[in-house]
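J.: Throw the hints in and build the complete structure from the sequences for me.
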Amino acid sequence: NQLTDDPEWEAACVDRMKRMVERDKNHPCVIMWSLGNESGFGRNHEAMAKWARRADPTRLIHYEGDHELKAADVYSMMYPAVDFLARAGEGKPETDGDRHGYRPNRPECLNRPVICCEYAHAMGNGPGGLREYWDVFYRYRRLQGGCVWEWMDHGIRRRMPDGREDFAYGGDFGDVPNDGNFVIDGLVFPDRTPSPGLVEYKKVLEPVMIEAQDLGAGRFKVTNRYEFLSLDHLKVVWRVEEEGVAIASGDADPPDIGPGMSGLLTIPYALKPGYAGGKSVWMTVSFILANDTLWARAGHEVAWGQFCLYEPSRSEPFAARSRRADPVRMRSDGRSIVFSGLDDTITFDRVLGTIVSWRRGGRELVRLGPRLNLWRAPTDNDRNWGRGDEYQWRQAGLDRLQHRVDGIEASVDRDGIGHVAARVRVAPPSYARAFICAFEYRIAADGFVALRVESEPWGDWPATIPRFGMQMRLSPALDRVRWFGLGPGEAYPDSCQAARMGLYSRTVDELLTPYVFPQENGNRMDVRWAELSDPQGNGLAVIGCPKFNFSAHWHTPEDFDRARHTSELIRRDFVTLNIDQRQHGLGTASCGPGVVEKYWLKPAAFDFSIVLASNVSGRPGS
422 NQLTDDPEWE AACVDRMKRM VERDKNHPCV IMWSLGNESG FGRNHEAMAK
472 WARRADPTRL IHYEGDHELK AADVYSMMYP AVDFLARAGE GKPETDGDRH
522 GYRPNRPECL NRPVICCEYA HAMGNGPGGL REYWDVFYRY RRLQGGCVWE
572 WMDHGIRRRM PDGREDFAYG GDFGDVPNDG NFVIDGLVFP DRTPSPGLVE
622 YKKVLEPVMI EAQDLGAGRF KVTNRYEFLS LDHLKVVWRV EEEGVAIASG
672 DADPPDIGPG MSGLLTIPYA LKPGYAGGKS VWMTVSFILA NDTLWARAGH
722 EVAWGQFCLY EPSRSEPFAA RSRRADPVRM RSDGRSIVFS GLDDTITFDR
772 VLGTIVSWRR GGRELVRLGP RLNLWRAPTD NDRNWGRGDE YQWRQAGLDR
822 LQHRVDGIEA SVDRDGIGHV AARVRVAPPS YARAFICAFE YRIAADGFVA
872 LRVESEPWGD WPATIPRFGM QMRLSPALDR VRWFGLGPGE AYPDSCQAAR
922 MGLYSRTVDE LLTPYVFPQE NGNRMDVRWA ELSDPQGNGL AVIGCPKFNF
972 SAHWHTPEDF DRARHTSELI RRDFVTLNID QRQHGLGTAS CGPGVVEKYW
1022 LKPAAFDFSI VLASNVSGRP GS
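Anchor point for the sequence shown: position 431 equals 852 in the numbering used here, and the numbering is continuous, going up by one each time.
Where hints are given, some of them may not hold.
[As the list claims (entries may be wrong)] Just the calculated beta-carbon pair ranges, DEER-fashion: (1) E459 / R660: 34 to 40 Å; (2) R752 / G880: 50 to 56 Å; (3) E877 / L424: 58 to 64 Å; (4) R660 / G699: 17 to 23 Å; (5) N712 / Q565: 28 to 34 Å; (6) S753 / D583: 45 to 51 Å; (7) D1028 / C568: 24 to 30 Å; (8) D754 / G699: 17 to 23 Å; (9) D674 / D600: 32 to 38 Å.
Calculated from the structure, these hints are not laboratory results. All residues carry an ideal CB built from backbone N, CA and C; glycine is no exception.
T.: Shown next, in the form of structure tokens:
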């Protein structure tokens, strides 16, 4: 407050206000005058507000630093936690305040509009939790929304001596002091390419909401969230897909609903009574522009909703194939256990306790794994300047876990099914904590391998862990990926509203999200099955029991962890495949609250099953 509460600076402060108001007073897009930003609060702010009200009584005054509303007309906050914001929406007085010192307890602070002048810090992979913010914005009339910080990453394109390009930021020019990558915190990348955060943001604030009222009868409740428009400028289009393949589609006029109102939409489609197919059936309803506008062409999607019409019971696909005419053959050779089938040869290592080679018809599929994986390359929100989840995870040794095989047994049963049971202790060195794991494999001659992992934490663990899953190294030839699950972009527990169920195809290169500062990226959620194959269609399928997350990269988590720019990432001669049961949320802790507790991944007993299949054409959905 040194300058803003010093009478000698009053004239300068008021002059600043005058110049802004006189410059911008005829712009109708200006709805409030701001007294500044992050400048404490003092008598000079009050003088600025007094002059502005005399000069322009038609506009409100905003200033986030005025916590007692001595000058401002609206109560403004930066980066409040969702529960704190909800209490503000309810008009409840605060006695303790939050980490920024907000303590709305005076009467004038409890009935004014509330604005988040900054929230949802969009640094790196995130922001997580946008839906929770918008749920409370819509729930409480007093809450007026907010401004995401910020629009774009402020990186400068540069070309490296070897021809590769990346984006530079603070400290890359010998500049001291600097903010490092704290300027890389926008919803679009430096080249204005939309980030996954922008796609998520569009979804959570879309102006039309659709909810299923009676799926069997095709009835939906539609809510118009526009402030001034009806829905007559939109058109409804719908399609029904059976595991990503369209089986029906149509269009309709939107219901006649005024701003802020709700109405009924009926779509003339329903599954036949007693439908019991073996594949998921989903309906997607979209609201698109009926005509060209100044800002988008006809057909641009404004809002959408998706609904599951049928989900088959996802029993383990291996169970139905338990009796086969051809038995698997097993031989033991020193530290190797080798299973041979019709076209597959799978080699386990007794010391590593996992697969070290899987070949089909002479083609290499797997080089290593699955092995338990708890680590992810920290996101900017995980790091939080050394105060976030990453600090707790590294202190617990989760970035240097070691695998110790305490026992491994192998056999072939009377039905010709191979069995491997491995007891593995996964722990950081010199710490009294571990995950005690039981890996149970069943191997069939036709290239199906069922895996169940039961894991129990032992010892003192931090409140959260980054992920729970398995990691594999695959042949570099398997660089084509197809999956049925959420997509097409990445998704995380608190940032998945924009992902929709579908059948998607990408290359391993395309699965990478090129965050300027490398970090965890590319996760796909709620996947029923995925396959990685070579150009001829040979490869490996992963089948969920019932579902899983996955990501596939040319880099390891350690590569993402070490690199500070995308040009520093090392392209490996194998594909890293992560198969996860769950991941920890993202949050916004790089400059805001951390992960909402319901999205925490807490250390607990985990039971995770998948099926691996080398005969890709034999997996569900083919």
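J.: Given the hint of 45 to 51 Å, is the C-beta distance from S753 to D583 inside that range or not?
T.: holds (47 Å)
J.: Is the hinted range of 24 to 30 Å satisfied by the C-beta distance from D1028 to C568?
T.: Violated, since D1028 and C568 (Cβ atoms, about 43 Å apart) do not stay within the stated range.
J.: Can you let me know if the beta-carbon spacing of N712 and Q565 is within 28 to 34 Å?
T.: holds (31 Å)
J.: Could you say whether the range 34 to 40 Å given as a hint is met by the Cβ separation of E459 and R660?
T.: violated (49 Å)
J.: How does the Cβ-Cβ distance of D674 and D600 compare with 32 to 38 Å: does it lie in that range?
T.: Since the Cβ atoms of D674 and D600 sit about 51 Å apart, the hinted range of 32 to 38 Å is violated.
J.: Look at the Cβ atoms of E877 and L424 and judge whether their distance stays inside 58 to 64 Å.
T.: Taking Cβ atoms as reference, E877 and L424 lie about 59 Å apart, which means the hint holds.
J.: A range of 50 to 56 Å was offered for this pair. Does it hold for the Cβ distance of R752 and G880?
T.: The hint (50 to 56 Å, Cβ to Cβ) is violated, given that R752 and G880 are roughly 38 Å apart.
J.: Between R660 and G699, is the Cβ distance one that fits in 17 to 23 Å?
T.: holds (20 Å)
J.: Evaluate the given range 17 to 23 Å for the C-beta pair formed by D754 and G699.
T.: Given a distance of about 40 Å, which is not inside 17 to 23 Å, the answer is violated.
When each numbered hint is compared with the structure, violations occur for hints 1, 2, 7, 8 and 9.
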